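Novice: For reference, the chains in residue letters:
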Amino acid sequence: MTPRTARKVLLAAFAALATCLVLPPLTAQAAHSNILQAGVAQVVITPPPGLPMYGYADRIHKHQVSTGTLDPLYARVLVLEAGGQRAAIVTLDLGRTFDESWLARLRAAAKQTSRIDQLIVTASHTHSGPNILDTYPDGHPPAWQNTILDKISGAIQQAALHLEPVQVGTGTGEVHIGYNRRQVHPDHTVTMLWSNPEKIPTAPVDATVTVIRMDRRDGTPLAILVNYACHPVVFGADHLEYSADYVAAMVDTVVGAFPTRPLCLFLQGADGDINPYYATTPMNEGAVQKRDWTGHELGQEAARVAKDIRTSPSPASLDFSEDVMEFPLRWEAQNFKQALLRANGPLALEDHADLLAAASPPSRLALHVTTLLINKKIALVGMPGEPFVDFQINLRDRCPVENCILLGYTNGYFDYFPTIQAASEGGYGAGDSDTYVAVGAGERMLDHAVIRLYQMLGELRPVPGSENDAPPK
Amino acid sequence: MIRRRPHPLLFGLAVLLSCLPIHAQNLEAGVARTDITPANGLPLQGYPDSGRKATGVRDPLYARVLLLRVGDQRIALVDLDLIAPLEPAYIAKLRDAARQDASYILVAAIHTHSGPALIPTLTPAPGDWEASTVRKIADAIHEAATHAVSARVGVGYGVAYLGHNRLRRNRDGSVTWFEKNWTGVSTSPVDPTVAVLRIDDMSGNPIAILVNYACHPVIYGPDSLLYSADFPGVMTQVVEKAIGGKALCFFLQGGDGDINPLYAVTPLAEGAIRLSEQTGTELGRAAVKVAQQIPTAADAVPSLQFAEDNLTFGPRWDAKRWLAADPKEAASIVAKTKPEYQLPVATVLINQRIAILGMPGEPFVDFQRQWRARCPVRDCLFLGYANGYDGYFPTIEAATRGGYGAAHPSTWIEVGAGESMLDHGLTRVYEMLGRMKATPEDLQ
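Residue numbers (the numbering used here), protein chains in the order written: chain W, 1 to 473; chain S, 1 to 444.
Worth flagging that the hints you see were computed from the coordinates, not collected in a lab.
Mixed in with the good hints, there may be bad ones.
Claimed, not checked - To spell it out: a stretch of chain W is covered by chain S in this simulated footprint if at least three of its residues, at any positions, have a beta carbon under 8 Å from a beta carbon of chain S; those stretches are: (1) 69 to 78; (2) 444 to 453.
Said to hold, decoys possible - Okay, the calculated bits of chain S under chain W, using three or more residues with CB under 8 Å as the criterion: (3) 148 to 159; (4) 320 to 326; (5) 396 to 403; (6) 407 to 417; (7) 421 to 427.
Computed from a predicted model, the values in this text were never measured in an experiment.
For glycine and all other residues, C-beta sits at the position ideal for the given N, C-alpha and C.
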């Protein structure tokens, strides 16, 4: 079984990775005030049954559609304000975010109704949601996408209307619910380990749970953000009901641990090569129970960490940027298109209409890289796809502030971002047709975000520092 | 099914010269050396005093050539006792002049500060001398090709503690310029690794000893007005004498952007000559010790692969803001600022087991360490000052700490360029090894 996900390819033209172009930031603001304000909201976005589902090719090839709802899908919103500038984080219980025109419409609506300057839309990557494409085979996005946009826009408005002063704290814990699904052998070949109920040790894996807690003035938590890297794929292709997968159980556990029931937002990490131990468990083999176990394990650790966090007043600030970086297609475009059509026939359009619809396939891609720095202490870096877990570990190693969180599936979707080494080893997401952005794109985006953070901290000046010595040269 | 293409990742401005291994029965190697010491009177380069002019020769400046050949694939490594490689136009002339003997020429400099001014962004270059030097080097390449014989190669490693990190970190995260370090204060990062590539004929007689080490050749300071290769010149003499025969020793400068010798910028009156000889001798002895223990072997399927790609980068500084903030300092340099720069990144793979990455400037030593850590083959050499010169390449983190070469006008390429070049070279090596598939594995 090979998960296949929808994809987006924007522009066409060959160019070296070296020519990756950083376009001017969509936004680049720094704002400071003494008090950070936050507001939250959530809204059910479960679409009607009868839609194709996301994540597994089997269901699409068999023309199976959703039959109902196991647990509702939510959009959760956190609006932050400091110094008159506002940022909104929107987490979606969906497989991915929507196409750029959808995101642009939401940006515009959020700006108009709620003065949102920076919008971060990030998905949990559940494989039990509706299928989402950038370009649909019939050329028209389904109506439910517009309905969801309106609902989310309304939730942003609600959150912005209820801003209140908060103080922030962070903490980390460890939980072992996932493993690396690529087994790399000494001869550099890779075997995919699609589930691992025996919990065989694998590497690399990042067991870190990072928690951000935002408290009201009375000390009760308003919002708890949980960052972890693991594919929400406990439910497999035989499951035809909408669900947030283990994320639903995690959120219930965290919310239930606090009498005031804060809003819990799940921030999916760099899970490109990380599966839950009980991945794709058949329904008749206890998938719901395994889903609950996975979510509870993560939720209990997140709640433990959250309860230990002592939030404190801090000089408030929001810095953010969203840069468009251009990369070439990894594969020779025309050959890639023809090979996809040969391999999958017309069904390829169900997954790759964006690439295949045009006579001349696009070969140059515009990726949005998002950086948000809260109070000069907490950094969120968003990549538009599925980065491998090494990037998350690497970002934390190089992070210039107390906490750096890497978000996958953020402000766009371009499938997998393997590391250069992983790309050379191959395997699903590393050397197959589900990774199509040039090798090295993940490294470039990470470096770019690190540079942005240093700039936001004032540690990379636009002109040479006068204090620098001028010895030999 | 898709037919595999040899170069699916050849796009845009990237110039892939060769990524395919060429197999033949033998690897052949030849060496040659030519004296390129200019006439007296040329400006010397490396220290702020632009009025320095050469008054004589302390030791000759050489161009050394290693010609490697496997079938029709011929690579010439040209190692110059200069502060930087020749200007791009002269490198192009050299490649044209030697095209019958070399499919690819990698031109690297040792970065001596006791040589003629070459860095074009800083001073006018001595065109006549460069033109004559090109002819000499082309002749040397021809000589090396003419005398190339079947060869076998091996690599070994040692350590030598001759340098220190000259950007000394303070508790507050800033750095202080730490030029000389006579008492051997511990600094970091430093890479004491001495990597030695030994090339023998089939009887085991050395043809070439290549020594890769990262340290600025700046023991002679601005008071020295004689041409000299500084301590690398001494090192090559020590190695050639110890090895004997006709073997040539090459000094391959590494990622020395932040590494000075302990006895940097020693006045002549305080023993600069003795300390240059001491440093070169110590490095030479370390290299000899390694070289003598390297078992060379002829590979069953020898191969040579190379690529030179132009990577595009923006400028480091905001020219308008710089002019506004510091008109006097900025004026001369801002005028030379380009909207973008094309930097050649060289990657060579010998026998699918020895990789060489060349960057056109002064990479910080962390890049050399990263290259060795991430390189997919056992032996990985790292060259600064290769095929061009575009100032310093600090790591992103070093750029934030500041200091000379990190946040000073001496670095003018955008932050992150070094990381990009390293990743690019790494990707190239994987491609040369055949470990980066040309088509998706599920569609083959």
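Novice: Would you mind marking each hint as holding or not holding in the structure?
Specialist: How the hints compare with the structure:
no., hint, in the structure
1, 69 to 78, "violated (count 0)"
2, 444 to 453, "holds (count 5)"
3, 148 to 159, "violated (count 0)"
4, 320 to 326, "holds (count 4)"
5, 396 to 403, "holds (count 6)"
6, 407 to 417, "holds (count 6)"
7, 421 to 427, "holds (count 4)"
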